[in-house]
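K.L.:
Each chain is listed here by its residues.
Number of protein chains: 2
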Amino acid sequence: MLQFELLQTDGHARRGRLTLNHGVVETPVFMPVGTYGTVKGVLPSSLEEMGAQIILGNTFHLWLRPGIDVLNQFGGLHRFEGWNKPILTDSGGFQVWSLGEMRKISEEGVRFASPVNGDKLFLTPETSMQIQRALNSDIVMQFDECTPYETKGHLTTEREARVSMELSLRWAKRCLDEFNRNENPNALFGIVQGGMFEHLREESLNALVDLDLPGYAIGGVSVGEPKPEMQRIVAHTPHRLPANKPRYLMGVGTPEDLVEGVAAGVDMFDCVMPTRNARNAHLFTRFGDVRLRNSRFRTDERPVDETCTCHTCKHFSRAYLHHLERCGEMLAPMLASIHNLHYYVNLMREVREALDAGTFPQFVAQFKADRARGTT
Amino acid sequence: MLQFELLQTDGHARRGRLTLNHGVVETPVFMPVGTYGTVKGVLPSSLEEMGAQIILGNTFHLWLRPGIDVLNQFGGLHRFEGWNKPILTDSGGFQVWSLGEMRKISEEGVRFASPVNGDKLFLTPETSMQIQRALNSDIVMQFDECTPYETKGHLTTEREARVSMELSLRWAKRCLDEFNRNENPNALFGIVQGGMFEHLREESLNALVDLDLPGYAIGGVSVGEPKPEMQRIVAHTPHRLPANKPRYLMGVGTPEDLVEGVAAGVDMFDCVMPTRNARNAHLFTRFGDVRLRNSRFRTDERPVDETCTCHTCKHFSRAYLHHLERCGEMLAPMLASIHNLHYYVNLMREVREALDAGTFPQFVAQFKADRARGTT
Chain A
8 MLQFELLQTD GHARRGRLTL NHGVVETPVF MPVGTYGTVK GVLPSSLEEM GAQIILGNTF
68 HLWLRPGIDV LNQFGGLHRF EGWNKPILTD SGGFQVWSLG EMRKISEEGV RFASPVNGDK
128 LFLTPETSMQ IQRALNSDIV MQFDECTPYE TKGHLTTERE ARVSMELSLR WAKRCLDEFN
188 RNENPNALFG IVQGGMFEHL REESLNALVD LDLPGYAIGG VSVGEPKPEM QRIVAHTPHR
248 LPANKPRYLM GVGTPEDLVE GVAAGVDMFD CVMPTRNARN AHLFTRFGDV RLRNSRFRTD
308 ERPVDETCTC HTCKHFSRAY LHHLERCGEM LAPMLASIHN LHYYVNLMRE VREALDAGTF
368 PQFVAQFKAD RARGTT
Chain B
8 MLQFELLQTD GHARRGRLTL NHGVVETPVF MPVGTYGTVK GVLPSSLEEM GAQIILGNTF
68 HLWLRPGIDV LNQFGGLHRF EGWNKPILTD SGGFQVWSLG EMRKISEEGV RFASPVNGDK
128 LFLTPETSMQ IQRALNSDIV MQFDECTPYE TKGHLTTERE ARVSMELSLR WAKRCLDEFN
188 RNENPNALFG IVQGGMFEHL REESLNALVD LDLPGYAIGG VSVGEPKPEM QRIVAHTPHR
248 LPANKPRYLM GVGTPEDLVE GVAAGVDMFD CVMPTRNARN AHLFTRFGDV RLRNSRFRTD
308 ERPVDETCTC HTCKHFSRAY LHHLERCGEM LAPMLASIHN LHYYVNLMRE VREALDAGTF
368 PQFVAQFKAD RARGTT
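Sequence order for the protein chains is A and B.
The working numbering puts the first residue of the first sequence at 8, with every later residue one more than the last.
The working numbering puts the first residue of the second sequence at 8, with every later residue one more than the last.
It is possible that some hints are incorrect.
Unchecked claim - Straight-line Cα separation of at most 25 angstroms, DSS-like style, residue types lysine-lysine; simulated pairs: (1) B:Lys321 <-> B:Lys47; (2) A:Lys321 <-> B:Lys47; (3) B:Lys47 <-> A:Lys47; (4) A:Lys92 <-> B:Lys321; (5) A:Lys127 <-> A:Lys111; (6) A:Lys159 <-> A:Lys111; (7) A:Lys47 <-> B:Lys321.
Read the hints as simulated data drawn from the structure, not as lab findings.
Produce the entire structure from the sequences given, and follow the hints as far as they go.
P.N.:
What follows is the structure in structure tokens.
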């Protein structure tokens, strides 16, 4: 099931509510990424404590490990990983794309060798749907080909982007057929492709809208293109999608990217940046970013962000986090991941409150000024 | 301050209550080890949740990082690491001893090069007390020389063990003098040495008892000796210590060692085994040990231990833990550390309940039978 209620708008920005099989998600929302059935270094109870509403899983990874037999045995990913709220899974398309020269794409699907054990594998729109059914994901993503920014050393041409986009469209139809073969409590999202070409984005979008899917994503951004190129596509595409359906910008991005995305009409975001940067001692805060390894934090008794209410900022100082990082202690990435995810989740909560209060433009101005101010 | 109340005895086994500057500790007790100001991979809130009453810190490590200036600035280790309950710190003696050929022992103290940055350092009974004062440890350990089981390739001789034990005694007196130079809310423990020689253990013990310290530890066990040798010393020494003062067996050991230690009259234990083994996917349970990497757990929906009430066993299956371990996910050591520490902490809670109920011998018999049964 999927219901989407549009509660409030401000320009292209939207305040919504998404009802899924495992619960309600207030939008705009940031979704922490749990590739292998765990948001790296974070207990599910910590995710609940910080107010995470929905998390991601990766079809490709979970197919390889633990494997579909195990996930079937557990009745899906929720019970396996101890998370009872909604889950969205990507289709495996992006991961297969990341394999680069190690995979071979045909009309039928993608052949590749397992990076875990070398087994020859074949992923198709149909198998992607079957795996995501085993995962029992609340939101199932179509299997697509992620159009790269560069192809064989040159910028992807319009011709190449069109061929790729049209393949993703044919795969969208096969996904929908396979998805509908069984009764299904979950929802299938289509993915708009088209590379850096606005007219291809529109062709992709229109054809997907004809399939009347319950939600749509914008894929093929954050794939190596310069920031202005990404911004051009993010400004172009989201508001052209149906107003009564949720819109998901895949794999984006910095806090600034998220706020710009909301302003452009996006409802849902995911990104590994908060957890990956946390493991590199790079923390996001209201007043710019903090590099914990900087020796100026050695004696700094303040929390990472004095306005932050996360577990890390409530209990620990910059000096302590700097010390843990310096000693290579596991608690350093643990506490940094809690902080960064809380920052992202809370940023979207503040966005929702501003939209509710009709003060989104002021919020955006303040957000930009605060972030530019930098940390003292 | 230190008050020790002896509530119950059964043979040499004792049920007690220790009141320290930062709170009350029910004994027998297991103390998780937090070397660098963190119990590796475990949030302080998880330690509280599992019922940990007191944790360790390492004087040697904390002296090097973050350094005494930082700890002084925070008014001690408690606020720095976010733990408000009692803390015991070792004196650095054992760590300096572990440096092997890299250190030089004299009457005055130990000279060595910092393993962090090569700085030349000099640790003495006086500096150990000064560092532990900066840490504001509820229980301060005397600086001692840990007598090794083997010296230069041969079993440590009676002569060598005596020289070492007598040095530790002279250092105990210097520690007490330095400790008493300032008013102090904390308590200094002496450490009985004497190697594998019962008469030396008794000489050490008697001389330390003459100093009328508030508590005593047994050191120099778990230093490479065969298990029966350790058992011989653990059976010999604890009950010879003053009945009205707490007794701490340093660095021991397996669950079986702890239960034997209690039966021999020990009140307090610490060991890195639960956390270190957790990081190697080795879990302790009521019914023997579980090696999570074993592929038979791939589809095992049961918790690690069905009788266990820890966060890990309440929320996650063996199959999930096996999967996390196989994928090298940080959550694997995190969940395993929570389980193992809970097992140790809870084992001592069960011991206390048995002593309260007057059923300690039955408890020991059941404990041994259960552990020997093995996991299904």
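K.L.:
Each hint needs a verdict: does it hold in this structure or not?
P.N.:
Hint by hint, here is what the structure shows:
Distance hint between Lys321 of chain B and Lys47 of chain B is fulfilled; the C-alpha atoms sit about 21 angstroms from each other, no more than 25 angstroms. Restraint check for Lys321 of chain A and Lys47 of chain B: satisfied, since their Cα atoms lie roughly 20 angstroms apart, inside the 25 angstroms limit. Taken as a hint, the Lys47 of chain B and Lys47 of chain A pair is honoured in the structure, with Cα atoms around 16 angstroms apart against an allowance of 25 angstroms. For the suggested pair Lys92 of chain A and Lys321 of chain B, the alpha carbons sit about 18 angstroms apart, so the restraint of at most 25 angstroms is met.
A distance of roughly 11 angstroms separates the Cα atoms of Lys127 of chain A and Lys111 of chain A; the hinted pair therefore holds under the 25 angstroms criterion. Our distance criterion of 25 angstroms between C-alpha atoms is met by Lys159 of chain A and Lys111 of chain A, whose separation comes to about 14 angstroms. Proposed proximity of Lys47 of chain A and Lys321 of chain B is supported: the alpha carbons are some 20 angstroms apart, at most 25 angstroms.
Consistency with the previously given hints is maintained throughout, with no hint failing.
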